Amino acid sequence: MSHELVKQTKNALEFVQKLHFEISYLIKEVEGLLQQEEESFTIGKPSGYGVTARTSTGLEPINVENWMPKTFTVFFVPKSMNDANKGQTVTPITSDLKLLLLHIELTGKDLEEPRVIYGTINNISYKNKDYTKFEKMMWEFSYNTKKIFKTIPNVNYEDGTCSLQGKFNQEKLFSIKSSDDVVKKLVDPMLVLFREI
Amino acid sequence: MYLAELHGKIPSSLEDKEDILTSNVFSFLKYSDRRVYLREFLKLLALEVSDDDLDGAEFQFWLNYDDKTQPDLIIVVGNYYLLIEAKHLSDFNVGGGKKAQLLREIEGGMNEAKSLGKEFYLIAVTSDYVYQSAKFKDVISLYPRHLKWINWHSISIMLLNLLEKYDSSLPNFLFTTDLYHLLAKKKLRSFRSFENLLGTGKVESFHTIFFAVDSARFRGQFIGFSESLSGLPEVIKPKGSIFYSRIYFNGLQFRFDVNQYDLYRKRGK
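Which chain is which? The protein sequence lines are A and B, in order.
Per my numbering, residue 1 is the first one in the first sequence, and the count goes up by one each step.
Per my numbering, residue 1 is the first one in the second sequence, and the count goes up by one each step.
One chain only, chain A, in its complex shape:
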C-alpha cells in the first residue's frame, strides 16, 4: 500500500506539473504570436510575468479546494496602451481601452472538459476611483468566472466594483494540438474580435 501511495502521489503531482508547464508554453506561444502583430501586443503583468489564478493556502475545506489553481487568466494589450515598470505593467483604464483576454479553465461545476475562453474586452470602468489600472481588475476573472462568462459570446458584466463588455469564443483546451492550432483556433480569431470593435 505504501509503495502504491508513494507512486500515486508522485504520478499525480508530476502530471499536474506537466499540465501546468504545457499551459505556460501555450500562453507564451500566444504571447509570442501576438507580439508579432501590427498592434505589437504585450502581455499584462499585474504582479510580474505570470498568470492570474485563484489559490489559497488556508486550512478550511473551502480553501483547501483552492490549494491547486483551476483557472489561469492573462491579458494582452497593444504596447502603446500600457507602460512597464519594475517587472509590472500599468494599463490605464480609459474610455478607449480595449484588450485581449485568454482564460483557461481546467475544471468547474458545469464544465464537461477543460476549455479556453478568448476574446476582447472594452467599455471598462472601475467604480472605485482609486483603481485606475486594468491590472487591478484581473482578479475578477478568477473569482467571478461563472458570472462573467455565463453569457458568452457576448459579455456584459457589472458588479459592485466594475463593469465591462466583451466578445468571446471558447475552444476545448485539449483540441489545441499544435502551433498551427494555436494560430488558427486562438490567435487569428482573437485578432478578428479585437479588430472588429
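Everything labelled a hint here was simulated from the structure, so no lab data went into it.
Since the model is a prediction, treat every value here as computed from it, not as a measurement.
You may find that some hints are simply not true.
[As the list claims (entries may be wrong)] Calculated lysine to any residue pairs in the SDA-like style (CA-CA distance at most 25 Å, straight line):
#1 17/B - 160/B
#2 185/A - 194/B
#3 109/A - 53/A
#4 185/A - 187/B
#5 17/B - 123/A
#6 148/B - 158/B
#7 177/A - 180/B
#8 18/A - 173/B
#9 18/A - 170/B
#10 172/A - 185/B
#11 18/A - 172/B
#12 86/A - 187/B
#13 10/A - 160/B
#14 28/A - 172/B
#15 68/B - 92/B
#16 177/A - 92/B
#17 18/A - 181/A
#18 18/A - 44/B
#19 10/A - 44/B
#20 17/B - 87/A
#21 177/A - 133/B
#22 148/B - 181/A
#23 185/A - 134/B
#24 98/A - 123/A
#25 79/A - 24/A
Starting from the known structure of chain A, fit chain B onto it as the hints suggest.
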C-alpha cells in the same frame, strides 16, 4: 557557455546573438552522440542516414564561399550537403542592391554540393512558431525542392521528447538537459499537444486520490495517509479528474461531537 547563459552571467547584448545560439545548438549536434541527436535532427527534416554516415558527418561553421557569402553551417552527412542558415531575432538579408542572402547561399551551396556529388538542401532555422511563407517567397519560386524550414522550437521539443523517453539513460543526459533549459529560457520551447502528457506511460492515477464520497466520514483527526487512502481503487491510467471535487465537501456531514472522542493521546496509552 550554456551554464553562464542559464545563470545570467553573460551580457544581455550577447544573449540574443543568433551566432551564439547557432553555436550552442549545432555544436551540441556535433559533439554529442550523433546516432541519437543528429539522427533525430535529420528526422525532423525527413532525412534518413546510416550510423556510419552519422559518425562521419562533417560540420563546417561559418565557411566562406568564393563570393564571400558565409552560411552559418554546412553539414555534409551521407548523401546530403546541408546548408544551415539560422535566424533568431533578425530576418534574412534581402539584398540591399545585391542578390538576397538565401539565393546567394543556395547558389554557392549547390555548386559545392555538385562538386562533391551530394544532394543539396538549404535548412532555414528561424524563431517563428509557424512557417512564414513570405520569408521564402523568392527561394520557393526558384528552388522549391531545395528548401526545408524548421524552427528552434522543434529542436527543443526534440530534446524534450528524448529526455522524457529515455530519462537519465539518455546519452549526454546532463548536456541535453542544460541545452533544453537554455532553449526554454530563450522562449524557444513551443507549446506541445496536451496529448503528450499521457504519452510517457508514467502517469497513472486513481479515479480520485482524495477521500471517497461514499465511504468518507468526517473524523476531525488526521489518521495517516495509509489508513485513510487504503481501499481506494486500483491504479489505472488517468481518465477521471485529478482535482478536488466540490461534491465531496458538500457531501460531508459536519456532525462532530467533541465530547465523544479523546482528541489528544493520553500519556501511557
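Hints versus structure:
no.	hint	result
1	17/B - 160/B	holds (23 Å)
2	185/A - 194/B	holds (15 Å)
3	109/A - 53/A	holds (17 Å)
4	185/A - 187/B	holds (21 Å)
5	17/B - 123/A	violated (42 Å)
6	148/B - 158/B	holds (17 Å)
7	177/A - 180/B	holds (21 Å)
8	18/A - 173/B	holds (19 Å)
9	18/A - 170/B	holds (20 Å)
10	172/A - 185/B	violated (28 Å)
11	18/A - 172/B	holds (23 Å)
12	86/A - 187/B	holds (20 Å)
13	10/A - 160/B	holds (20 Å)
14	28/A - 172/B	violated (28 Å)
15	68/B - 92/B	holds (16 Å)
16	177/A - 92/B	violated (29 Å)
17	18/A - 181/A	holds (20 Å)
18	18/A - 44/B	holds (24 Å)
19	10/A - 44/B	violated (33 Å)
20	17/B - 87/A	holds (23 Å)
21	177/A - 133/B	holds (21 Å)
22	148/B - 181/A	holds (21 Å)
23	185/A - 134/B	holds (21 Å)
24	98/A - 123/A	holds (7 Å)
25	79/A - 24/A	holds (21 Å)
When the structure is compared with the earlier hints, violations turn up for hints 5, 10, 14, 16 and 19 and for no others.
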